[in-house]
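Chains as they are written, first to last, in numbering that gives the first Met the number 0: chain A, 0 to 257; chain B, 0 to 257.
Careful: at least some of the hints might be erroneous.
Below 35 Å or equal to it, Euclidean Cα-Cα: the simulated DSBU-like pairs (lysine-lysine) are [to be verified]:
1) 129/B / 19/A
2) 163/A / 256/A
3) 230/A / 151/A
4) 129/A / 151/B
5) 180/A / 74/A
6) 51/B / 33/A
7) 19/A / 180/A
8) 51/B / 68/B
9) 13/B / 13/A
10) 141/A / 13/A
11) 150/A / 68/B
12) 129/B / 31/B
13) 129/B / 115/A
14) 74/A / 150/A
15) 51/B / 74/A
16) 256/A / 141/B
17) 19/A / 13/B
Everything labelled a hint here was simulated from the structure, so no lab data went into it.
2 protein chains.
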Amino acid sequence: MHNIKLTIEYDGTKYCGWQKQRVKRFGFKKKKQKLAIQEAIESCIKKVLRQKVNIISSGRTDSGVHALKQVANFKTTSNIRPHKIKLALNGNLPRDIRISEAESVSLKFHSRYSAKSKVYRYIILNQDHKSPFWVNYSYWFKFPLDIRLMKKAASNLLGRNDFKAFCASGSSVEDTTRSIKRLSIANFNYFSCNAICIEIEADGFLYNMVRNIVGTLIEVGRGRFIPKDIKKIIESRDRSLAGPCVPAKGLFLIEVKY
Amino acid sequence: MHNIKLTIEYDGTKYCGWQKQRVKRFGFKKKKQKLAIQEAIESCIKKVLRQKVNIISSGRTDSGVHALKQVANFKTTSNIRPHKIKLALNGNLPRDIRISEAESVSLKFHSRYSAKSKVYRYIILNQDHKSPFWVNYSYWFKFPLDIRLMKKAASNLLGRNDFKAFCASGSSVEDTTRSIKRLSIANFNYFSCNAICIEIEADGFLYNMVRNIVGTLIEVGRGRFIPKDIKKIIESRDRSLAGPCVPAKGLFLIEVKY
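One chain only, chain A, in its complex shape (with noise of 0.2 Å):
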């Protein structure tokens, strides 16, 4: 038995997200089902190594989100070597799903439940006008934002926080203490365009941890709250009183750590 290590980059924006969405069974109409990260993947490996696997990821993705290096495992008792793997499954996939990494690892490895922490990064078009080449990667905000309050802000997140105020109302998780271990905030400029890049990294994430996070900081860069608000936040427990939740499409998973 092999256990096969995946590092994946995807553009999320066709997709339903990394795992199969359940269709719900009330109403007429029925919606074309978008497809799968996931299933995706397992069925090129499925005409790669003539086997059915079963694929884990560090974690689900959403809807439109994309990922520069999710981490995904599967076994099997295939002996093709990990790189033709990777060669097989790159000239299968669909244009907007690549492996970049592909090796052999320790059967105890679990892409979820052996990772130490991950990296997300939110990308923020702050200009006057969108752009072609970041419509589908980024959330256009044409309001002037102070990065600088902001930053202020973010430092208020950081370390071993209880962040239910940042989780999805209706998520059924009961521990919602988290550890955020980073959170830098940068303006970049490439292909012309204005952007604000927030990158997060904690030992783990509630359900839209991130987009809440982001549509907070955005609060305070615009100044409708103040950078000491972030403390009353956190202390509320309360969804409500935090910001709106951002779009999925500015969010990419870039790294995860083992």
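Guided by the hints, dock chain B onto chain A, whose structure is given.
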């Protein structure tokens, strides 16, 4: 009469280029003609200003070529302020074309004749797998390239030369002498990809000149040509001695200087 100067950003993937292509009259099947970027903008201006205008760009770009700061101008009797024109156009243009600036300039200004130099960027994705994010914005070259040799070769292209060997055969231009003011080659790593970015500034470009130069530099980088060969190729004025023309999708017009 006002002369309006537009700075335009576009993703050229779905267009036949800046200018409308002449339909060839032979053959049976009529292929669906792709839209030209110029047409898309002119029809929007007509809608916004209720006037038919003729816009003049700094130069055509081919099908698939992108622009970060293409410049074009048009004359109009309309008194609508440039800032309002920009907003109205951006509200009506397809999402892969955006106006980043609109300003009123002297009546003498001509996007093409007033240009002093233009800057193009070419992106080579140089890694063993394609990237979902760069499919339409780079040329994927999977074999290793020696960037040190490419830089050496590039220095032989600088200055005033007859670039006939780098001009698409069949071009009717008589004077093929141009001045390359700057040619930079650099590695860059963005969105977790390994790429090489080549930027060329010149007082003017022959048809396919950038793409033929890049194709020739790749031949140097992979070891088929040595840097010294460049001088011989220039002197030969023979297109067949230079490297191949690389795909349009890696090319960006990034600036027009006046």
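Notebook entry, point to check: Against which earlier hints does the structure fall short, listed by number upward?
Noted result: 4, 6, 14, 15
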